[in-house]
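Taken in sequence, the protein lines are chains A and B.
If you're matching positions, the first sequence starts at 0 in numbering that gives the first Met the number 0 and goes up one per residue.
If you're matching positions, the second sequence starts at 0 in numbering that gives the first Met the number 0 and goes up one per residue.
In short, the hints are calculated from the structure, not lab data.
Be careful, since some hints might not be right.
What the hints assert, rightly or not - Reference excerpt, derived from the structure (chain A facing chain B, CB under 10 Å, subset only):
hint: 1; residue: L36
hint: 2; residue: A186
hint: 3; residue: L189
hint: 4; residue: V191
hint: 5; residue: L193
hint: 6; residue: M197
hint: 7; residue: E266
hint: 8; residue: A270
hint: 9; residue: L274
hint: 10; residue: A276
All values derive from a computational prediction rather than experimental measurement.
In this text, a Cβ means the ideal position worked out from N, Cα and C, and glycines have one as well.
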Amino acid sequence: MAILVIQILNSLLYASVLFLIAAGLSLIFGVMRIVNLAHGSLYAVGAYVTAWLAGRGIALGVPLGWLFLLLPLGALSVALIGIVIEPLLLRPFYRRAEEYQLLVTFGLLQILEDLMRLLWGGTPLSADTLIDALPILRIGGLFYPAYNLLVIAIGIVAAVILWAAIYHTKFGVMLRATSQDRRMASALGLNVGLVYVMAFGIGCFMAGLGGAIVVPTQAAVLGMGVDALVIAFVVVVIGGLGSLKGALIGAVVVSFVRTAGIQFFPELELAVLYLIAALVLLVRPSGLFSTA
Amino acid sequence: MTIDAHPLPNRSLFKLAAAAAPILLVLILVPSLIGTYQLQLAIYGLIAAIAALGFNLLLGYTGLLSFGHSAYFGVGAYSVAFVVAHLGPHSMEFYLLVGIPVVAITSALFGYICVRHTRIFFGILTLAISQVIYSLALKLYWVTGGSDGLRVPRPALFLGLLDFLGPQGFQLFIRSYYYYVLGIFVVCVVLMWVIVHSPFGKALQGIRDNEVRARFLGLRIRRFRWISFLVSGTFTGVAGILWVPLNGLTTPDVLYWTFSGEIVFTALLGGFRNFAGPIVGGIVFTYLKTYAVATTEYWQLLLGVVLVTLVLVLPTGIVGAISQAGQRLGRRNAVT
């Protein structure tokens, strides 16, 4: 029974990280119609920056509680990268065929992956002191770090904030207007360029936050971004590209299937996920919950 | 293959022959000019060219960007490895005999699913399906060797007439294998040229340029795309079959989606709007990557920068840029 609870909690932990990555990917696609292949690498950058800063912080003797401020800081640094990338690299491609957009983000992926290797080397970077900063809970005789619950909470809070921002603020209206008809929004006096930068920045922030909160539970390693991207694809395909609700449900579905897969059919765990994605694409190409 | 019964315009084949004859002559003479290592690189280049040539039938002529062509390359490579492990005869012809149908069936099956979509969804669908194969190759280690992969020894060529077991085996193998691959490369180029210039190829280009109009003309669009996918995957698979004896080992890396990205990169480097583009791209990419890997640990960074610059500055690729420059020169000459 306790094991079941822990497995469910683990699934939720994974789901909240996946949601953060996939929601960013989905937001960027929804507003800008760009499939950002470098999105997973931005998530990895978030993880690396946070782990690196945590290491620095510990070396400088920063009290453990303060280290939690590094989580938003890691996410913000990725958002900053995004704000630089969008006008420099992506803006020239909005009017060109989408093949080029895929290619330029693929190039970006290669650059980011190697930059991480250049900056932080090949050894995994861990930040598990953050887990020790919080108490370890006992669930029916088994130990469970309270930090994992914090990650789940952050995922839920992020989902609520994002939903409120998109559906209940003026900025959200601008975002949705641009997503529906870019030219009309521009004709109505919206600064579409600014909306794009903001959307891309927020998307990157989400990815970075995903990386920042996951890094204490598992170290930052090379290739984590490339792996995460494909799983995030599965999530958005199940939920529907460009849909926030879809990203949430997709993340929950994928993480529960994955947890069950690792438990019962470890060899086929990944294959099953991709098969589900392929099936959904065939039956309902716009995803199970596509709205906008 | 899938050419209709219409007689082909012979002129286009003559044009190909006239343009390709000097290049072919150089390619035939190459082994007497360069060392074994360079020759080995040249074989890799030719193989990459075959892969990109197949890929480009889909991107350049059908207008579908596949991000999962690693699957067909990898299935080709793994089918050879399975033949080696379970069936025995170390003969290249036997590998091709078994590998080509396997690759064709795989691409027919996957293509049947994937052509239900176009544009971005097609890309994601091809990627997702290729990742199914990747994760199976990675996880079913008792069949595929997992991340260690499977070893493939040097096969005998020409029905066992040539084998390479002696002390000079490796040098001899590279020399013979170069001509072997070159022969298949030429067959592939001619075949692809015939396909592209056949009514079938013209129909593909019509679908690419205006799907609605093509449908009004009565073309069965999905079927055309499917056959194009099948041919494209099979060509890339042949490249995989040829690649594995040279590499001596096949690992799940050739199935991973970033390898598909490299195939896309290759086609774009040469220029996917040109017939010769992917061929040039394949050869240039092989050398580019080899030298990037040799000079810096951060070769991926270098390739990424090249790719981004290429997309920004030279969207038509090397061949496209050269032919544009040629046209401009010609026009200037005509004016003055």
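_Interface hint for L36/A, Cβ within 10 Å of any Cβ on chain B_ = holds, 8 Å
*asked:* Holds or violated: the hint that M197/A contacts chain B, with Cβ atoms closer than 10 Å.
replied: violated, 23 Å
*Holds or violated: is there a CB of chain B closer than 10 Å to the CB of L189/A?*
Interface hint status for L189/A: violated (25 Å vs cutoff 10 Å).
*Taking the least C-beta to C-beta distance, is E266/A closer than 10 Å to chain B?*
Result: holds, 4 Å to nearest chain B Cβ.
*Measuring from the C-beta of A276/A to each C-beta in chain B, is the shortest one below 10 Å?*
For A276/A, the interface hint holds, since the closest Cβ of chain B sits about 5 Å away, which is under 10 Å.
*Report holds or violated for the interface hint on V191/A, using the least CB-CB distance to chain B and a cut-off of 10 Å.*
Violated, because the Cβ-Cβ distance from V191/A to chain B comes to roughly 21 Å (cut-off 10 Å).
_Hinted contact A186/A with chain B - closest CB pair below 10 Å_ = violated, 26 Å
*Quick one, is the L274/A hint okay against chain B at 10 Å, beta carbons?*
Hint on L274/A: holds, closest Cβ of chain B at ~6 Å, below 10 Å.
*When the nearest CB of chain B is found for L193/A, is that gap smaller than 10 Å?*
violated, 23 Å
*Have a go at the A270/A hint: is there a Cβ in chain B nearer than 10 Å to its own Cβ?*
holds, 5 Å
Hint compliance for this structure: hints 2, 3, 4, 5, 6 are broken, all remaining hints hold.
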